[in-house]
Amino acid sequence: MALDGLADLSQQLSARLPKRPQVDGSAEGKPEHLMDLCEGPVQDVPCYTQLSPLPQQKVVSKTASFCWTNPLEGSKRTERIVTKKSSVQTIGEEQIQNPYTELLVLKGHQDIVRFLVQIDDYRFASAGDDGIIFLWNAQTGEKLFELHGHTHKITAIAPFFSSGASGENSQFILTASADRTVIVWDCSGGKQIQKVSCFHSTVKCLTVLQRLDVWLSGGSDLCVWNRKLDLLYKTSHLTDAGISALLELPKNCVVAAVGKELIIFRLVDRPEGWNVLEVKRLDDHQDNILSLISVNDLTFVTGSHVGELIVWDALDWTKQASECNFWDTSLHNDAQPEIKLSQSPNETSVQHLTSDEECVFAAVGKGIYVYNLQMKRVIACQKTAHDSSVLRIAKLPNRQLMSCSEDGSVRIWELREKQQLPAEPVPTGFFSMWGFGRANKQANQAAKKTQENTTICFLELVGDLIGHSSAVQMFLYFGDLGLATCSADHLIILWKDGEQESRLRSVTLFQKLAQNGGSQIKF
Amino acid sequence: MSVDYQASFVGHPPGCAYPKLNFVEDSKVVLGDSKEGAFAYVHHLTLYDLEARGFVRPFCMAYISADEHKIMQQFQELSAEFSKASECLKTGNRKAFASELEKKLKDLDYTRTVLHNETEIQKKSNDKGYYTTQAIEKANELASVEKSIIEHQDLLKQIRSYPYRKLKDSDFHPYEPECGLDQADGSCEQDLASSELAEPGETHPYAHVPSYTPKLIKAKSSKCFDKKLKTLEELCDVYFFTQTLDQLHQIERTFRGDVCYLLTNQISRALLKQQSVTNFLFEDASLLDEKAPEKQYRGCQRLSQDAVNRKCLEELPTPKVVISLGSYKSSVECVPIKMEQEIEDSQDPTMAESITFEHQDNLDYLDADIKGSISSGESIEVLGTEKSASVLTKSESQASLPISPSPQGGRSKVGSRRTVSEDSIEVLSTCPSESLIPEDFKASYPSAINEEPYADDEEGGLHFSPKLSLDNADEQEGGSKPENLLQVDSACCIGKESPGFLEPLAELGAKACEDEDGVVSIPPQPLRPPEQGLHGPFAGYHCPDSASGGLLSYELDPRYLAGSRDVSKTSLDECSDTTSYISSAASTCSEPTPSPAHPALPAGERHKKKAGQNALRFIRQYPFAHPAIYSLLSGRTLVVLGEDEAIVKKLVTALSIFVPNCGGYAKPVKHWVTSPLHIVDFQKWKLIGLQRTASPAGANVVHALGRYSRYVSVLDADSKTLRGPLYRGALVPRLADHRTQIKRGSTYYLHVQSVLAQLCSKAFLFTFCHHLHLPISETESEESVVSRRMNFLKLHLGLANEDVKIVQYLAELLKLQYIQEPERRGNPLLRFDYVPSFLYKI
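Read top to bottom, the protein sequences are chains A and B. Position one of the first sequence corresponds to residue 1 (my numbering), numbered consecutively onward. Position one of the second sequence corresponds to residue 524 (my numbering), numbered consecutively onward.
Any given hint could be a false lead.
[What the hints assert, rightly or not] Distance ranges between label pairs, derived from CB positions:
# : chain 1 : residue 1 : chain 2 : residue 2 : range
1 : B       : 791       : A       : 108       : 38 to 46 Å
2 : B       : 1310      : A       : 397       : 23 to 31 Å
3 : A       : 508       : B       : 1243      : 41 to 49 Å
To be clear, the hints were calculated from the coordinates, so they are not data collected in a lab. Glycine included, each C-beta is placed from N, C-alpha and C at the ideal position.
Work out the full structure, taking the sequences as your base and the hints as a guide.
This is the structure we're talking about:
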């Protein structure tokens, strides 16, 4: 049904239909790089007719005939055109730069998988609402251990490396669960080492302070534990809502996000015992703080539900810079009123932050923003990077970014310098970047208003990974070993570079051949 | 045949050595009559029978074909297979013989005791001081009994030592029944063993066989002729007997079809074995698993469904009578087969009667022949068959119709439609695709296994189980006399010594025969199963209803027979579609569903043919067959979307022959799915039939398909469109030329197989060339390896455009198969490409 409709549509429009129905069909104004990506409109494939002796055969159009957001609307042309105005960037089926051409589905979980944590170079653990922790081999996809111990969903997970006195390294995982317990697991043996169940509330975050060889648990109060699971200190009851994030700061300090507030604690290791002093409370945020990351030893960054991003000095806990509503779409109200129709507070919440030395990358609503710490402004953004909220973001090597979203996809972006004449007014945001028909005009106005808000880079979509049928909760980048993603559809998918895997298999093959002395191959 | 079966026991002068058992090797000969066009591989063997002269009875099994080449080419195989069957028979025979000896010993012992007592009594009562003649007689009798005991003990020792003696021969493979399958046999063996422990000459362990009460043996042993000869079933253990039958069936099955078909099969199997690395990709798993049927074969134990099938085959007898007037020689190396008269029948109950009417005039000289053969005193199997100029068939309705010399009715037509060689085991001759009507070659006795496409013939092939319902017996009573008259001759000439000959109606026959000339000869009575009445209707045509009704008791699906028959001749006799195939198989069952109880291999063949047929239709009908097939070959899942389950399944079946196997046992093909697809499905299945519905659930299905569109090509069976990547290679056009001249499904299937095999060899070369994947030197860059690889694919393997991807995909499968441990298979990878899709329309 959808096929038919789309086929007709594609004929009528004589244009390439995007996979997601948003890109304007007209090619004019498209930047060069886009033209590369999507080769022109419908065309007969020249050599095909020669080779194929099938006279009646027609290649009707290049299609991607199904739409993701609403499968039914594809049949109605009008609807389709409307949806084109919503503006999620799409990439065609040709993704030259996307290395992930092989995938492995890891099944095991019975419920939403929310956490992935790397243990070492080739192993990772996954945990989720079913309370089970799995250990996987990222190389082969082999299930190493299945750890049962929690009765409720897992709320926090943290790897814990400790080098014993004898020099051997042992890896542990700490898991906290809604059953108000924390369990320490041994990764090499797949066994539960110890279980702590003296919590009054669910532990929502776990932080390991390797330097001090202690770990912290944050719930309604903050506890300090040593490696042997002795409770070293426990603060008084802080909040009912509980600590949502913990971050280690220099000078034995820890910052905890409690609702709208940031509380700085200092850990003091006195001879008579550990003590935790509350040093400072920072209440600059207007709404709940959702993310808290450290950029370097001197800086940390927080993001809140209403889209505030504040850069803090890690030493004296002062605000270095803040960006309150730079992603507020109100800037473009007059330009793109349609977009605002479904605006909700959720669309501006800072879901996740990550950073490298220069920039902070923020997942805000459906968009991705790159904030340059030096320039103290957003240098690139993609307002609607996904169809729904972006849940995680990560920086990859080669100036690439990766984001995962509730729409079930993972996208790979590349941060590119924009080539532009200095005299030309800097277009604002995403729309002008993609060269929509009207954008140029309106960009002028917008640029006038927000000169400082201009972007000098742009994020180009270089690939998307579609595999999960539900929100992708988290992903874990393993470099050469690929990428692990976990989702609400209970699955974990290992994405691999097909070329590389093929090469590795060849190597293994010839090794095995050498071992067998070729005896298994008979010519 | 130059075997002296005469042991030195019977009538050997007193005082000479104990009788010796001859352990005679089997002899194998090819007999033939090129003029008549009948050739036979004949396997002679001897079985021990205590009552027989020299304790041996000769038997033979034969494989008869109209094709001499077939016999000659397959001689080794035939010989090997028949040797197995023979060994099975002989093993059972030794067992039975030993136990018979034991019984005899017990009898003798008992007799001795009785005689002894009598003598004692006489001695006591005798006060005259001299022995009466009576006493002397008794004493003599006692002495002879004692001698007899010693002789029998010696025989027992000999027969028991046989396996040990034989074991020294390297090429002797004793038949070993698999344990667990036959408890009775096991216990019997135990009995044997335990009784062996006890010294045979001493007190007999009666306790072991409580049911047996020793009989008094009369001093004057009755003549051999007074007794009926043991049936083959009695001679061998029942278990071994049925095993042998199974084996013979298997042999018949193995050698079905004409010789070039057999040879091709053998060659391709041998070749397949050599391609151990690549053959998992496209070859039938059942074919690869060649060992399984062989094992069954050797063990000849099929007690499961298969046995049921077999049973069906056995239960309907074909009362074929060979009236042999052929030349007779006492020791023949080659007996020309002449078929003067064959009375062929399926299992019409009235058959025997009609025969007699027909051959009344023959009876005279038949009698003469009988006498001749008897007077010769040689017990040698005679293979004499003469082809009668007249073809004896009956119309289906006749009950008392004399057989007319001309072929009649639909039967002969049906026969001539068949093109496969009608090979058979036992004294049967067959003809391949010639115009000869097979029926006239089928003259034989009930033990023949016929290669026949009909349900009735098939069933009638072998019958040894003397099951007769009362009414049948009654029914036969009327016609028994002439019947027996007729059968005397066959009994004398063939029946008595022929292998596999059984006398199910021993009493009846014996009576009749004894009357005639006092010779014990058991006529081969036409055997009828209790359900016989029901077979009447389809003796001529195959009325499906009555057929299935009649066969119900055999748990036999008529389609099975049609199917199996059809399968056996896929390469030769095949019609271009299923309907005609049905009619050719003389079965009118409307839907040729695969038989549930059929062994895997024929089912696979059947599937092949059907798939080939559908594929042929697909490539003719759909102009975008090439991209669709390319999708399958390159590992991109193809989803066949449609509302009608039958159409979708048909398409899936058609396309399934192009799907490379990922290493599992079954092809990654899912015929019908109604729920939305997930990523896991694409990992598991490479060809999926998907239901399209108008309901919201259906929308979900389409939605999911859209979401995962990069992993799939979608063939819309309703609107006849394909959405998938472009294909511009040269390989698929060769595989699926829509203007192909190939008309038959199985031929097309073979064509596909050969192209795919070629493809596999390319993939193999590509996979296992070291320098194509790894740098030659350490300094060599990855790029140069890549370019070398592409160069190889394009120039050396001659692959164009997308063909490269096919070979690369197959190579990946080969690598995975090779490097993965067997237990880790089942975690398949999903490989995909980011390539644009196109919409193809008709």
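Is it true that the C-beta distance of residue 1310 (chain B) to residue 397 (chain A) lies inside 23 to 31 Å, as the hint says?
Taking Cβ atoms as reference, residue 1310 (chain B) and residue 397 (chain A) lie about 26 Å apart, which means the hint holds.
Beta-carbon spacing of residue 791 (chain B) to residue 108 (chain A) - inside the hinted bounds 38 to 46 Å or not
The hint (38 to 46 Å, Cβ to Cβ) holds, given that residue 791 (chain B) and residue 108 (chain A) are roughly 43 Å apart.
Holds or violated: the 41 to 49 Å window for the beta-carbon distance between residue 508 (chain A) and residue 1243 (chain B)?
holds (44 Å)
Checked against the numbered hints above, the structure violates none of them.
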